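The whole structure should be built from the sequences, with the hints applied where relevant.
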Amino acid sequence: MKQKPFMIDDYPKLVKFFASSNPVHLLLFVLPLWVLSFYLMSGSSTSGLTLVLSFLGGVLYWSFLEYAIHRWLYHSKYPTRALHYFLGSFHLYHHRNMGDHRVLTAGFLMIYLMTPLVLSPLLYFTQDPGVFGAATLGLTAFYYFYEWIHYTLHYKVHQSGYLNYIQKYHLHHHDRAPRKNFGNTSHLWDVVLGTYDPSYADYQMPLSTRDTLITLKLVLADET
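In this note's numbering, the protein residues as written are 1 to 224.
These are computed hints drawn from the structure, not numbers from a lab.
Everything hinted at is true.
Label-pair restraints from in silico Cβ distances:
| no. | residue 1 | residue 2 | range |
| --- | --- | --- | --- |
| 1 | SER199 | ALA68 | 19 to 27 Å |
| 2 | LEU53 | PHE17 | 31 to 39 Å |
| 3 | ASP100 | VAL24 | 17 to 25 Å |
| 4 | ARG210 | HIS91 | 18 to 26 Å |
| 5 | PRO32 | LEU207 | 39 to 47 Å |
| 6 | LEU36 | ASP10 | 30 to 38 Å |
| 7 | PHE17 | THR46 | 31 to 39 Å |
| 8 | THR46 | THR215 | 39 to 47 Å |
| 9 | SER199 | LEU28 | 34 to 42 Å |
The model shown is predicted, which means the values in this text are computed figures rather than measured ones.
Here a beta-carbon is modelled for each residue, glycine too, at the ideal position from N, C-alpha and C.
Shown next, in the form of structure tokens:
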């Protein structure tokens, strides 16, 4: 059966606006949000404890968004061909072509399209600028951590520790269970919302997946 095309297939030059090969570029786009967050916090009379709790709330908020976007935006059946064509170019395409590292992280246009949507609930529910700034800082800091983790999981084989656990968790989702294990940094929301598959612990990376890792592709390129 012929696979349905994505925007990236027809317009590959647009990838650099919507996606990125590594999270270094993203630093240029999250830095203004961090500067704004610190500015709002510095001018606030809110207690330090409240700011810390707000920061942690922002971290928790992103952890849920990470799960929700992955599960309900990227892995639901798109209601129109246009949405499949556009949105599928980033995640479904990534599933189909793990060796294409151009789409490992978000691009600046995608970030600026999503930022107002993501921050709007914080702005609506927080009346204090300092609380908003701390929550925004927590959200964006953990988002940037998430992007680095995703890049790192596709960079090389990790033998131990947190990266080994989350690499198995993530690649099990890729290779065996696309309807399970949507968390990219933890299994928290998978457990809470019933999509946790503990069999990821037995995952053994197949050669076909290993060959898509950045370091392995670099080695193969050098050999040729």
